[in-house]
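*Asks:* Each chain is listed here by its residues.
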Amino acid sequence: MDQPTKQPSSRLPEVAAPEGSGAETPDFGVAHPVLSRLMEEVRNEKRVDAAYDRVHHRHNRGR
Amino acid sequence: MDAGIQLDTVLLKTASRCNIDCSYCYVYRGPDTAWRKQPKRMRPEVLAAVCDRLVEQADRQRAGFAIVLHGGEPLLLGFDGLASMLRKLRSRFSLERHPIGIQTNGTLLTRELLDLFAETRTSVSVSIDGPREVNDIGRLDHRGASTHAATMRGIDLLDSHDEREFLFAGTLSVIQPAADPAIVYRFLKDLGSPSMDFLFQDGNHDRLPPGKARFESTEYGQWLSRVLDLYLADPSPVPIRVCDDTIKLCLGGESQKEGRGNKPYGILVIETDGEIRKNDTLRASFDGADRFGNPWNVTTTSLSTVLASPEFIAYAGMHSPESQVCRACELLAICGGGMPLYRWSTERGYDNPSVYCHDHKAMIRHAVSRLDAMGLRDALVVRPSPDHAP
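Just so you know, the protein sequences line up as chains A and B, in that order.
As numbered in the working numbering, residues -5 to 57 make up the first sequence, in order.
As numbered in the working numbering, residues 3 to 392 make up the second sequence, in order.
There may be inaccurate statements among the hints.
[What the hints assert, rightly or not] Partner residues are not named here, just some residues of chain B that face chain A (Cβ under 8 Å, in silico):
no. : residue
1   : Tyr233
2   : Pro237
3   : Pro239
4   : Asp246
5   : Lys250
6   : Leu253
7   : Gly254
8   : Glu256
9   : Leu333
10  : Leu334
11  : Ala335
12  : Met376
[Unchecked claim] Listed next, the in silico DSSO-like pairs over lysine-lysine satisfying Cα-Cα at most 27 Å (straight line):
no. : chain 1 : residue 1 : chain 2 : residue 2
13  : B       : Lys265    : B       : Lys191
14  : B       : Lys90     : A       : Lys40
15  : B       : Lys191    : B       : Lys259
16  : A       : Lys40     : B       : Lys42
Source of the hints: derived by calculation from the structure; they are not laboratory data.
Just so you know, even glycine gets a beta-carbon here, dropped at the ideal spot from N, CA and C.
Excised from the complex, chain A in its bound form (with noise of 0.2 Å):
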């Protein structure tokens, strides 16, 4: 598939974790793990005529 031009949403800021974010959020100095990713995803579902393709996460389905 041709890569769209990115489009990034203005919504969703290039956010570290911050310090203080929560009793169990431990600072990790850097951009978070799960947060970073997941924004990335979000990013990449909002490009233009990108149509984001579900079946790569498809493997952990039923029991």
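Once you've looked at the hints, dock chain B against the given chain A.
*Replies:* Showing chain B alone in chain A's frame:
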């Protein structure tokens, strides 16, 4: 190219029996009895028809689709049947557009099978609920004995294979609300699982899920909220699908799997005799709930015929809840009403909120609160609740 709903996932029931006997199994412990009439294994002529129909469908739609070997226990098809099917599928489908995966209890994995899966680029997801004392709550064999050691042997084989990085897709665990989520999380991490997912136990408004005291109680929601906390606190986390979907939806993204969000999924199931059915989880509602009115079979009917049918469109539309309670709820875009099987009651059909409605709310509220506390308020699509502190 066909317009309309495309195929996301096709589940191939390569075997319609299982070598273990989980207490919560929606196939063999639920109200549906159709499996008794199904051939135990998919026969060669059905395997050939399945391959032909999938190739035909791939030519008709723009997006790829996932092919998941499922059961029962799919490995009961045996090495020869699996080799024949997987080699045929992989010779006609690229890894990039058509990932092939197996959902297995892991007890029948062998080195020879793993070599076959590596050759055919078939990934393996293993069902395990946690350490032995947790796994033994529900995952026993037909004599009532533990299956944990056999599953662990399979995972060890998987973990030690040269192609482990590709082969081991992750673990799938059914929530045992009485178990400590921290113990389950730590166990799965130590196991080396590259990704996790957690499922609700089956239940509906006629029959409450195990461990759930009443409709308004939140045992499962609290359990998942605790997992979310562990996940966010882990400096080296592996993806957890149910948490990822919840977080992404709270941030305006999309879900990866049915049961969250508001996008329809094109899911078809092919039984061992070639019959084409709806999402098999529906069979937890009532006997025959996953059957189409037409007796479609891959030997006679193309998948595109099924996908374009009014009956399929109505089935795909089930993801959107009928209930006015759901339609008025500000969290609908996140939970999507949950999976239809959890909405069922004999009295009102699927016109109910999920039996897990309050669990969904508890987890979503918790996630929103955590994301707000982490500085993401402006990105949230749901307002944080002032009375729900992380």
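*Asks:* Give a verdict on every hint.
*Replies:* How the hints compare with the structure:
no.: 1; hint: Tyr233; in the structure: 6 Å, holds
no.: 2; hint: Pro237; in the structure: 6 Å, holds
no.: 3; hint: Pro239; in the structure: 5 Å, holds
no.: 4; hint: Asp246; in the structure: 6 Å, holds
no.: 5; hint: Lys250; in the structure: 5 Å, holds
no.: 6; hint: Leu253; in the structure: 5 Å, holds
no.: 7; hint: Gly254; in the structure: 6 Å, holds
no.: 8; hint: Glu256; in the structure: 5 Å, holds
no.: 9; hint: Leu333; in the structure: 18 Å, violated
no.: 10; hint: Leu334; in the structure: 19 Å, violated
no.: 11; hint: Ala335; in the structure: 14 Å, violated
no.: 12; hint: Met376; in the structure: 4 Å, holds
no.: 13; hint: B/Lys265 - B/Lys191; in the structure: 31 Å, violated
no.: 14; hint: B/Lys90 - A/Lys40; in the structure: 36 Å, violated
no.: 15; hint: B/Lys191 - B/Lys259; in the structure: 22 Å, holds
no.: 16; hint: A/Lys40 - B/Lys42; in the structure: 45 Å, violated
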